[in-house]
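Protein chains: 2
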Amino acid sequence: METPKTPSPDAAAEERSREVTGVAAADWAESSADPRYRAAVVDLLGALAYGELAAFERLADDAKLAPALADKAALARMAAAEFQHFERLTGRLREIDEDPAAAMEPFASALEEFHRLTAPSDWLEGLVKAYVGDAIAADFYREVAVRLDSDTRALVLAVLDDTGHASFAVEKVRAAIEADPRVGGRLALWARRLMGEALSQAQRVVADRDALSTMLVGGVADGFDLAEIGRMFSRITEAHTKRMAALGLSA
Amino acid sequence: METPKTPSPDAAAEERSREVTGVAAADWAESSADPRYRAAVVDLLGALAYGELAAFERLADDAKLAPALADKAALARMAAAEFQHFERLTGRLREIDEDPAAAMEPFASALEEFHRLTAPSDWLEGLVKAYVGDAIAADFYREVAVRLDSDTRALVLAVLDDTGHASFAVEKVRAAIEADPRVGGRLALWARRLMGEALSQAQRVVADRDALSTMLVGGVADGFDLAEIGRMFSRITEAHTKRMAALGLSA
Numbered sequence: 062m063e064t065p066k067t068p069s070p071d072a073a074a075e076e077r078s079r080e081v082t083g084v085a086a087a088d089w090a091e092s093s094a095d096p097r098y099r100a101a102v103v104d105l106l107g108a109l110a111y112g113e114l115a116a117f118e119r120l121a122d123d124a125k126l127a128p129a130l131a132d133k134a135a136l137a138r139m140a141a142a143e144f145q146h147f148e149r150l151t152g153r154l155r156e157i158d159e160d161p162a163a164a165m166e167p168f169a170s171a172l173e174e175f176h177r178l179t180a181p182s183d184w185l186e187g188l189v190k191a192y193v194g195d196a197i198a199a200d201f202y203r204e205v206a207v208r209l210d211s212d213t214r215a216l217v218l219a220v221l222d223d224t225g226h227a228s229f230a231v232e233k234v235r236a237a238i239e240a241d242p243r244v245g246g247r248l249a250l251w252a253r254r255l256m257g258e259a260l261s262q263a264q265r266v267v268a269d270r271d272a273l274s275t276m277l278v279g280g281v282a283d284g285f286d287l288a289e290i291g292r293m294f295s296r297i298t299e300a301h302t303k304r305m306a307a308l309g310l311s312a
Numbered sequence: 062m063e064t065p066k067t068p069s070p071d072a073a074a075e076e077r078s079r080e081v082t083g084v085a086a087a088d089w090a091e092s093s094a095d096p097r098y099r100a101a102v103v104d105l106l107g108a109l110a111y112g113e114l115a116a117f118e119r120l121a122d123d124a125k126l127a128p129a130l131a132d133k134a135a136l137a138r139m140a141a142a143e144f145q146h147f148e149r150l151t152g153r154l155r156e157i158d159e160d161p162a163a164a165m166e167p168f169a170s171a172l173e174e175f176h177r178l179t180a181p182s183d184w185l186e187g188l189v190k191a192y193v194g195d196a197i198a199a200d201f202y203r204e205v206a207v208r209l210d211s212d213t214r215a216l217v218l219a220v221l222d223d224t225g226h227a228s229f230a231v232e233k234v235r236a237a238i239e240a241d242p243r244v245g246g247r248l249a250l251w252a253r254r255l256m257g258e259a260l261s262q263a264q265r266v267v268a269d270r271d272a273l274s275t276m277l278v279g280g281v282a283d284g285f286d287l288a289e290i291g292r293m294f295s296r297i298t299e300a301h302t303k304r305m306a307a308l309g310l311s312a
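Going line by line, the protein sequences match chains A and B. Its first residue numbered 62, the first sequence is counted upward by one per residue in the working numbering. Its first residue numbered 62, the second sequence is counted upward by one per residue in the working numbering.
In case anyone wonders, no lab produced these hints; they're calculated from the structure. Among the clues, some could well be false.
Since copy identity is lost for identical chains, a pair holds within one copy or between any two.
[Said to hold, decoys possible] Derived SDA-like pairs (lysine to any residue); straight-line CA-CA distance at most 25 Å:
#1 Lys303 with Gly152
#2 Lys233 with Asp212
#3 Lys233 with Ala163
#4 Lys303 with Gln262
#5 Lys303 with Ala215
#6 Lys233 with Asp271
#7 Lys303 with Asp158
#8 Lys233 with Gly257
#9 Lys125 with Arg203
#10 Lys125 with Glu173
#11 Lys125 with Pro167
#12 Lys233 with Ala100
#13 Lys125 with Gly152
#14 Lys233 with Glu91
#15 Lys125 with Glu148
#16 Lys233 with Thr179
#17 Lys303 with Ala288
#18 Lys233 with Ser311
#19 Lys125 with Leu178
Turn these sequences into a full structure, and let the hints guide you.
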C-alpha cells in the first residue's frame, strides 16, 4: 500500500517545482492572497468532499451485498469514515467562507459517472472497489499534499491518516481467490476497469478545471503542465498495479 | 418531541415496578448475575444494534432521493450518527463477551420486514420516516432506560443523547405542506402507516422474546405482563400522534 520510496526522476522534478513555488512553506492566509491558488484549493476541497460523499453512498449501498452481519458492519464502518472526511472537508470550506455545495457541484457529474459505470455486481467486486478506491485516494492525497499551503496540507494529511479501513478487504479477497482461483481472473479484470474509469473521469476533470490542474502539477507559478499531470497519473497507476499484484490480482 | 411530563397512572405504575425490582439501583456486575436479566439485556442491545445498522442503511439509501446536495449531506449525517450508535452498542456486547452478530440475528427479520414495508417513495416520505423513526427510537430508549442497571442505562442514555439529528426534517416537511396542503394528507397517511408497521413488528418481537419483553415491563422479578407492554406502546403512540399534529400531520 506504500508508494515507492526510491527517488525517481519524477520525484526530483517534483522537488524542484516545490522549491520554485514555495507554497508549501506558506500558510493559508498568505497563499490564499493569490486568487488562482485560492480557486484551486476550493476546487480541490470541493472535489475531495464530493468524492467522500459519493463514496459514502456507494459503500453504504454495497453493504447490502455483504454475506454476513460482520461484513456488512465493516463496509458500513468504511462508509461512516468517508462521511467524517466529508464533514471535515466541507467544514473547512465553510471556514474559508465558501459554499460547500457550490464548490462540490463542478465535480458531481464526473464522480457520479464513475460510480454509475463501476457498480459492483457482487460482494467481492464491492470489496475490491472499496480497497482500490481507498488506496488510490490515499495516493492522490499524498501526491497533492506537497503542493499545498501548511493549513490545507494539515487537513488533507489528517483525512489521509484516517483511511486504511479497507485492509480487511485484502484478507477476504485473498481467501476467495484461494478457494476458487478463477475468481482472481475476474477480479483482476474488474480492478483494471476501476482504474481505467477512474483515470478517464480524472482526465475529464483535469481538462475542465484549469486552476486545480495547474496546482496539482507544481503550483500556479509554473503554469499548467499536461505532461506532469500524466506523470502523476502514472505514479498512481503504478502503485495500483503493485497493490493488485500483492493481492493476487496480477493483470 | 418531549414525552408528557404530567404524572399519569401509568407513570405511577412504572414508579412502583422500579421500586420492586431495584435493578436500576444495581450495576451490571451485580444485576447480570441473574441469567434472565443478562439474556434480556443481550437481546435489548442486539435489537438496538441491528435497528441502528438497518437505519443506517435505509437513511443512506434515502439520501439518494435528496433534491439538493445539502439535503443529501443532512441525511448522510443522520446515517453516520446511527452507525456510531451501532458501534457503541456492539462494542458493549463485545465487552460483556457476547457475539454482536449472534445477539442481533433474532431481530434481523422483523427490522428488515419493517423497512421493506416502509420504503419511502419520495424525498418527503423519507424525511418523515427519518423524523418519526428518530423520535420513536428516542421515546423507546427513554422508556427502557428506567428498567436497566446503571451501566447499561448510561450507555442507552448516551446513545439517546446523540439523537435529534432529524429536526431539520420538520422544517422541510412544514414548508412542503405550506406550499401544497394536499401533501399534508398524503404524509399523514404515511406517518400512520409507519407507526402501524413499527407496532406490528414490535409485537412480533415481544411475542418471540420472553426475557426481553419481561424486562421491558418492569424487571424480571415481576414476570411478563402483556397489559403493561400494551401501555408502553400506547404511550409511544400517543407521543407520536402529538408530534405529527405539531408537524401539521393530524390524522
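Structure-based check of each hint:
In this assembly of identical chains, the alpha carbons of Lys303 and Gly152 never lie at most 25 Å apart, being 35 Å within a copy and 35 Å across copies at closest. Taking the shortest alpha-carbon separations for Lys233 and Asp212, neither the intra-copy value of 38 Å nor the inter-copy value of 36 Å comes in at or below 25 Å. Taking the shortest alpha-carbon separations for Lys233 and Ala163, only the inter-copy value of 21 Å comes in at or below 25 Å, while the best intra-copy value is 39 Å. In the homo-oligomer, the alpha carbons of Lys303 and Gln262 lie at most 25 Å apart inside one protomer (22 Å), although the nearest pairing across protomers, at 50 Å, exceeds that limit.
Neither within a single protomer nor between protomers do Lys303 and Ala215 lie at most 25 Å apart by alpha-carbon distance, with minima of 28 Å and 48 Å respectively. Taking the closest pair of Cα atoms, Lys233 and Asp271 never come within 25 Å of each other, the shortest separation being 40 Å inside a single copy and 37 Å across copies. Proximity of Lys303 to Asp158 under the C-alpha cut-off of 25 Å is found in neither arrangement, the shortest distances being 41 Å within a copy and 40 Å between copies. Taking identical chains as interchangeable, the C-alpha atoms of Lys233 and Gly257 lie at most 25 Å apart only when both belong to the same chain, with a minimum of 24 Å there against 40 Å between chains.
Taking the shortest Cα distances, Lys125 and Arg203 never come within 25 Å of each other, neither inside one copy (31 Å) nor across copies (30 Å). Proximity of Lys125 and Glu173 under a CA criterion of 25 Å is satisfied in both settings, with 19 Å inside one chain copy and 11 Å between copies. For a Cα distance limit of 25 Å, the shortest separation of Lys125 from Pro167 across copies, 18 Å, qualifies, whereas the shortest one inside one copy, 29 Å, does not. In this homomeric assembly, Lys233 and Ala100 never come within 25 Å of each other (Cα to Cα): the closest approach is 41 Å inside a single copy and 32 Å across copies.
Proximity of Lys125 to Gly152 under the C-alpha cut-off of 25 Å is restricted to the inter-copy arrangement: shortest distance 22 Å between copies versus 29 Å within a copy. Proximity of Lys233 to Glu91 under the C-alpha cut-off of 25 Å is found in neither arrangement, the shortest distances being 47 Å within a copy and 40 Å between copies. For a Cα distance limit of 25 Å, the shortest separation of Lys125 from Glu148 qualifies both inside one copy, at 24 Å, and across copies, at 18 Å. Taking identical chains as interchangeable, the C-alpha atoms of Lys233 and Thr179 lie at most 25 Å apart only when both belong to the same chain, with a minimum of 20 Å there against 33 Å between chains.
Taking CA atoms no more than 25 Å apart as the test, Lys303 paired with Ala288 passes inside one copy only; the shortest distance there is 23 Å, against 64 Å between copies. For the homomeric pair Lys233 and Ser311, the shortest alpha-carbon distance inside one copy (17 Å) is at most 25 Å, but the shortest distance between copies (51 Å) is not. In this assembly of identical chains, the alpha carbons of Lys125 and Leu178 lie at most 25 Å apart whether taken from the same copy (19 Å) or from different copies (17 Å).
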